[in-house]
Amino acid sequence: MNVFFYIAAAVALISTIMAISGRNAIHSLLFLILSLLAVSVVFYLLDAPFIAALEVIIYAGAIMVLFIFVTMMLNVGIERTTERKWLNPRMWIIPSILAAILLVDFILALKNVPSSLSINQVILPKQVGISLFSTYLLAVEIAAILLMAGVIGAYHLGSQKKKVTHRYLEKK
Amino acid sequence: MLTVPVEIQILFAGILFLLGLIGLLVRRNMIFMLMSIEVMFNSAGLVFIIAGNHWKQPDGQVMFIFILAVTAVEVAIGLALLLQVYHHYKTLDADSINKLKDYH
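Chains as they are written, first to last, in the numbering used here: chain F, 1 to 172; chain X, 173 to 276.
Isolated chain X, as found in the complex:
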């Protein structure tokens, strides 16, 4: 039986979310930006699990399964977009992908 206070548990999830946010703000490589979004999704799911454990209800785990489905779709679409971007621009730098007309 875990007796860590729930504040500490939620604090852990919050720090994980903020690490993902910092990564998203700082990195310019699109693979790293997608990875940071993954970290943020994961920590949001962690908060759901902590709350479900706190109230002893199964709803938190149900919500985590939904987050899992959303994450899978997001990663599939994001990586497909990333492949297209690399195909067109030959780079993954988010700063250089700022032209509406497609250059070659």
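Chain F extracted, bound-state conformation:
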């Protein structure tokens, strides 16, 4: 089982690196889907099969397809912008050093993790549902309000409005 964890973690890390360093947006999105599927394998190994299924269905299935649709709609492909000069290797140095400092900090903070409960039990989706709709009922309702606001906001922002400009502001 441990071998599967390390393989999935390696696939996730490599495909994430490929995703954030690629030139072509579609290729990067496909690498990101691969990374999400690898993380889903990790979820399955961590005794959370329900979450693994949600990761595949919602993250890789819905959110990433939304990304791909928008990218194809904009038809950007390889962007010809000022990013080209940002993408030379020297620009990666300072963010990478800062992130490495954070990583060392994080490793030092991980020194004293309390040991796990040694009971060998899988958390079933039934327990998750009971907890979701009893202890966290208020949070579920707040999430519903958030989704409603998201729907209205996306509809409002997505509609192509006719541009209204005062005639003094228009360029000659």
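Please note: incorrect hints may appear among the correct ones.
[Claimed, not checked] Short derived list, chain F residues pointing at chain X, Cβ under 7 angstroms:
| hint | residue |
| --- | --- |
| 1 | 3 |
| 2 | 26 |
| 3 | 49 |
| 4 | 63 |
| 5 | 131 |
[Stated by the list, open to error] Computed spacing ranges between beta-carbons, pair by pair:
| hint | chain 1 | residue 1 | chain 2 | residue 2 | range |
| --- | --- | --- | --- | --- | --- |
| 6 | F | 96 | X | 259 | 17 to 27 angstroms |
| 7 | F | 62 | X | 180 | 46 to 56 angstroms |
| 8 | X | 260 | F | 49 | 39 to 49 angstroms |
| 9 | X | 271 | F | 113 | 46 to 56 angstroms |
| 10 | F | 7 | X | 267 | 37 to 47 angstroms |
Simulated from the structure, these hints should not be mistaken for laboratory data. Just so it is clear, CB atoms sit at the ideal spot from N, CA and C, and this is done for glycine as well.
Put chain X on the given structure of chain F with help from the hints.
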């Protein structure tokens, strides 16, 4: 039964988060910046699942479902904003979107 030490598991999530952070700091294309934010959300959810597995409590998975809802809303709003930006400026470069008055 997974016997990988929990430090290694959390380290994996931390490295994934830092990769997303590096991507957000370096990339200027707004699609890539949104993708990096996705990676960071995903690794935060991974930490919740690891902690829930560590303590054998369902709360971690509940929190992951909330993160999923927040991510879905964030992506919908972000992509709608991105469409508007592209409609106005004909570019997705974050550096060139620095004018308050809308140019044409």
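Cross-check of the supplied hints:
no., hint, verdict
1, 3, "violated (10 angstroms)"
2, 26, "violated (10 angstroms)"
3, 49, "violated (10 angstroms)"
4, 63, "holds (5 angstroms)"
5, 131, "holds (4 angstroms)"
6, 96(F) - 259(X): 17 to 27 angstroms, "violated (34 angstroms)"
7, 62(F) - 180(X): 46 to 56 angstroms, "violated (30 angstroms)"
8, 260(X) - 49(F): 39 to 49 angstroms, "holds (45 angstroms)"
9, 271(X) - 113(F): 46 to 56 angstroms, "holds (49 angstroms)"
10, 7(F) - 267(X): 37 to 47 angstroms, "holds (39 angstroms)"
Checked against the numbered hints given earlier, the structure breaks hints 1, 2, 3, 6, 7 and satisfies all the rest.
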